[in-house]
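Participant: Sequence:
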Amino acid sequence: MNRRVDPRTLGWLNRALNHEMSAVQQYLAQSVLARLQGDEALATQLREECREELDHAARLMERLLLDGVAPQAGTLPPARVSRDKAQMLAADRQLELNAVALYESAAAHARRVRDPVCSQLFTELLAEEAAHVRELDEMSAAGTGQ
1 MNRRVDPRTL
11 GWLNRALNHE
21 MSAVQQYLAQ
31 SVLARLQGDE
41 ALATQLREEC
51 REELDHAARL
61 MERLLLDGVA
71 PQAGTLPPAR
81 VSRDKAQMLA
91 ADRQLELNAV
101 ALYESAAAHA
111 RRVRDPVCSQ
121 LFTELLAEEA
131 AHVRELDEMS
141 AAGTGQ
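Mapping of the sequence shown onto the numbering used here: residues 1 to 146, in sequence order.
Hints are computed from structural coordinates only; laboratory data are not their basis. Since this is a predicted model, take the numbers as computed values, not measurements. Glycine included, every Cβ here is placed at the ideal spot set by N, Cα and C. Hints may contain errors.
[Stated by the list, open to error] So the derived label-pair ranges between C-beta atoms look like this:
1. A131 / E40: 20 to 28 angstroms
2. R35 / P78: 33 to 41 angstroms
3. E62 / R134: 21 to 29 angstroms
4. T44 / A86: 15 to 23 angstroms
5. G143 / L97: 19 to 27 angstroms
6. A130 / G38: 27 to 35 angstroms
7. E104 / E62: 15 to 23 angstroms
8. R3 / L54: 23 to 31 angstroms
Generate coordinates for the entire structure from the input sequences, incorporating the hints supplied.
Facilitator: Take a look at the structure:
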């Protein structure tokens with residue numbers, strides 16, 4: 001169950017977990033706000049994003065637990081919410097761009113220390129976050145927020 005893991009890699013795993021939990025909080029808060037404003041389509045879309053980010057967090061937690069480390073997300077920054085869809089999507093895009101940068105660096109580190117397990121996890125999450133950026137760009141271009 002426990003494998004020898006570079007301490008800096010564990011740091012990347014916990015940093016990634018903190019980011020994913022922040023994303024869950026942001027998408028959930030935005031979903032609730034959209035529902036309160038009567039925009040069920042946007043609320044549903046944001047709840048789905050929340051579920052995807054929660055899945056990312058679960059995958060990171062699993063890796064930490066398999067490595068014998070208790071997950072530690074830390075203090076989350078406040079969710080960025082707005083009553084304006086364009087501003088909401090811009091905040092979400094920035095969140096996803098931050099995730100892309102984080103996973104690029106984390107994957108590079110894992111490759112450097114020859115950790116194929118974490119390298120694969122970070123690379124998979126990088127691809128999924130990059131897809132989220134593209135989806136947000138399409139939503140913004142469509143101007144619908146859906």
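Participant: Would you mind marking each hint as holding or not holding in the structure?
Facilitator: Hint-by-hint comparison with the structure:
1. A131 / E40: 20 to 28 angstroms: Holds: the Cβ-Cβ distance is about 24 angstroms, inside 20 to 28 angstroms.
2. R35 / P78: 33 to 41 angstroms: violated, 20 angstroms
3. E62 / R134: 21 to 29 angstroms: holds, 26 angstroms
4. T44 / A86: 15 to 23 angstroms: holds, 19 angstroms
5. G143 / L97: 19 to 27 angstroms: With Cβ atoms ~20 angstroms apart, the hint holds.
6. A130 / G38: 27 to 35 angstroms: Distance hint for A130, G38 holds at roughly 32 angstroms.
7. E104 / E62: 15 to 23 angstroms: For E104 and E62 the Cβ distance comes to about 22 angstroms; the hint holds.
8. R3 / L54: 23 to 31 angstroms: At roughly 25 angstroms between Cβ atoms, L54 and R3 fall inside 23 to 31 angstroms, so the hint holds.
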